[in-house]
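Start counting the sequence shown at 2; every next residue gets the next number (this note's numbering).
Incorrect hints may appear among the rest.
Below, in silico cross-link-like pairs of lysine-lysine (DSSO-like), each with a Cα-Cα straight-line distance of 27 Å or less [to be verified]:
(1) Lys121 - Lys110
(2) Lys121 - Lys45
(3) Lys55 - Lys45
Keep in mind the hints are simulated off the structure, nothing from the lab.
Bear in mind that the values here come from a model prediction, so they are computed numbers and not experimental data.
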Amino acid sequence: MSLRTPAVLSALALALTLGAAAPARAAAACSDASGVCLSDDKAKWEPDTSLSTKQLKAKRKGPACKVAFEIDGGRGSVFVNGRYAGTAPGANLSLLPGKHDIQVRDGQKILAEGVLTVPKAGSLQVTVRHG
(Lines of atoms letter the chains of each structure in order from A and count residues from 1; the text may use other names and numbers.)
(Lines give C-alpha, C1' and ligand atoms only; values in the text may rest on other atoms or scores of the structure.)
Protein backbone atom coordinates (compact mmCIF):
# COMPACT_ATOMS: atom_id res chain seq x y z
CA MET A 1 0.00 0.00 0.00
CA SER A 2 1.46 3.34 -1.01
CA LEU A 3 1.43 6.57 0.98
CA ARG A 4 -1.04 8.09 -1.51
CA THR A 5 -3.73 5.43 -0.93
CA PRO A 6 -5.13 6.99 2.31
CA ALA A 7 -5.31 10.41 0.65
CA VAL A 8 -7.11 8.95 -2.36
CA LEU A 9 -9.53 7.08 -0.11
CA SER A 10 -10.22 10.24 1.91
CA ALA A 11 -10.90 12.23 -1.26
CA LEU A 12 -13.20 9.48 -2.55
CA ALA A 13 -15.12 9.38 0.75
CA LEU A 14 -15.51 13.18 0.70
CA ALA A 15 -16.76 13.11 -2.92
CA LEU A 16 -19.29 10.39 -2.13
CA THR A 17 -20.51 12.30 0.93
CA LEU A 18 -20.92 15.53 -1.02
CA GLY A 19 -22.58 13.72 -3.91
CA ALA A 20 -25.07 12.07 -1.58
CA ALA A 21 -25.86 15.39 0.05
CA ALA A 22 -26.50 17.17 -3.26
CA PRO A 23 -30.18 17.41 -4.11
CA ALA A 24 -31.28 15.42 -7.12
CA ARG A 25 -32.50 17.45 -10.10
CA ALA A 26 -36.16 16.69 -10.66
CA ALA A 27 -38.42 17.67 -13.51
CA ALA A 28 -40.69 20.60 -12.75
CA ALA A 29 -44.18 19.21 -12.22
CA CYS A 30 -46.52 20.26 -15.01
CA SER A 31 -49.99 21.12 -13.74
CA ASP A 32 -51.44 22.66 -16.93
CA ALA A 33 -54.69 21.03 -18.09
CA SER A 34 -53.19 20.31 -21.53
CA GLY A 35 -50.28 18.44 -19.95
CA VAL A 36 -47.68 20.81 -21.47
CA CYS A 37 -45.90 23.58 -19.55
CA LEU A 38 -43.59 26.20 -21.06
CA SER A 39 -40.81 28.13 -19.33
CA ASP A 40 -41.21 31.30 -21.42
CA ASP A 41 -44.31 33.54 -21.47
CA LYS A 42 -43.53 34.50 -25.10
CA ALA A 43 -44.02 30.89 -26.20
CA LYS A 44 -47.51 29.53 -26.79
CA TRP A 45 -48.96 26.01 -26.79
CA GLU A 46 -52.16 25.20 -28.69
CA PRO A 47 -53.18 21.62 -27.83
CA ASP A 48 -54.93 19.30 -30.27
CA THR A 49 -54.34 21.53 -33.30
CA SER A 50 -52.10 21.19 -36.34
CA LEU A 51 -50.69 23.39 -39.05
CA SER A 52 -51.92 23.34 -42.64
CA THR A 53 -49.56 22.26 -45.41
CA LYS A 54 -49.16 25.91 -46.39
CA GLN A 55 -48.26 26.88 -42.81
CA LEU A 56 -45.72 24.04 -42.58
CA LYS A 57 -43.98 25.31 -45.73
CA ALA A 58 -43.86 28.93 -44.51
CA LYS A 59 -40.41 30.47 -44.22
CA ARG A 60 -39.34 31.07 -40.64
CA LYS A 61 -36.98 34.00 -40.05
CA GLY A 62 -34.90 35.16 -37.13
CA PRO A 63 -32.42 33.66 -34.68
CA ALA A 64 -33.14 30.10 -33.55
CA CYS A 65 -34.39 29.31 -30.06
CA LYS A 66 -32.90 26.44 -28.07
CA VAL A 67 -35.82 24.20 -27.07
CA ALA A 68 -35.35 21.45 -24.49
CA PHE A 69 -38.04 18.82 -23.99
CA GLU A 70 -38.52 17.06 -20.67
CA ILE A 71 -41.05 14.38 -19.79
CA ASP A 72 -42.44 14.62 -16.26
CA GLY A 73 -42.46 11.01 -15.09
CA GLY A 74 -41.06 9.22 -18.12
CA ARG A 75 -39.58 9.54 -21.57
CA GLY A 76 -40.83 9.99 -25.09
CA SER A 77 -40.02 10.56 -28.75
CA VAL A 78 -40.31 14.14 -30.03
CA PHE A 79 -41.56 14.87 -33.54
CA VAL A 80 -41.35 18.38 -35.03
CA ASN A 81 -43.34 19.16 -38.18
CA GLY A 82 -43.89 15.45 -38.74
CA ARG A 83 -40.24 14.41 -38.47
CA TYR A 84 -38.48 12.60 -35.62
CA ALA A 85 -36.32 15.12 -33.74
CA GLY A 86 -35.04 13.17 -30.71
CA THR A 87 -35.83 11.46 -27.44
CA ALA A 88 -36.79 13.36 -24.31
CA PRO A 89 -35.37 13.92 -21.84
CA GLY A 90 -32.32 15.02 -23.72
CA ALA A 91 -33.94 16.35 -26.89
CA ASN A 92 -32.30 19.78 -27.16
CA LEU A 93 -33.33 21.34 -30.44
CA SER A 94 -32.68 24.60 -32.27
CA LEU A 95 -35.98 25.74 -33.74
CA LEU A 96 -36.55 28.86 -35.81
CA PRO A 97 -39.13 31.28 -34.42
CA GLY A 98 -42.71 30.68 -35.44
CA LYS A 99 -45.26 27.89 -35.28
CA HIS A 100 -44.28 24.21 -35.29
CA ASP A 101 -46.35 21.03 -35.20
CA ILE A 102 -45.21 19.07 -32.15
CA GLN A 103 -46.02 15.53 -31.14
CA VAL A 104 -44.51 13.69 -28.15
CA ARG A 105 -45.08 9.92 -27.96
CA ASP A 106 -44.12 7.06 -25.68
CA GLY A 107 -44.42 4.11 -28.04
CA GLN A 108 -47.89 4.30 -29.57
CA LYS A 109 -49.27 6.50 -26.78
CA ILE A 110 -49.47 10.20 -27.68
CA LEU A 111 -48.44 12.28 -24.66
CA ALA A 112 -48.84 15.70 -26.31
CA GLU A 113 -49.91 16.94 -29.70
CA GLY A 114 -50.39 20.50 -30.86
CA VAL A 115 -48.81 23.67 -32.19
CA LEU A 116 -45.89 25.30 -30.39
CA THR A 117 -45.17 28.96 -31.14
CA VAL A 118 -41.43 29.43 -30.58
CA PRO A 119 -40.07 32.89 -29.63
CA LYS A 120 -37.01 34.49 -31.24
CA ALA A 121 -33.64 33.47 -29.81
CA GLY A 122 -33.17 32.56 -26.16
CA SER A 123 -34.14 29.22 -24.71
CA LEU A 124 -37.35 27.39 -23.92
CA GLN A 125 -38.05 24.46 -21.62
CA VAL A 126 -41.05 22.33 -22.63
CA THR A 127 -42.27 19.96 -19.91
CA VAL A 128 -44.76 17.27 -20.92
CA ARG A 129 -46.73 15.35 -18.31
CA HIS A 130 -46.51 11.59 -18.82
CA GLY A 131 -49.74 9.78 -18.11
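Do the hints match the structure? See the list:
For the proposed pair lysine 121 and lysine 110, the alpha carbon gap of about 31 Å is over 27 Å, so the pair is violated. Simply put, lysine 121 and lysine 45 have alpha-carbon atoms about 12 Å apart, close enough for the 27 Å limit, and the pair holds. Our distance criterion of 27 Å between C-alpha atoms is met by lysine 55 and lysine 45, whose separation comes to about 20 Å.
Hint 1 from the list above is the single one not met by this structure.
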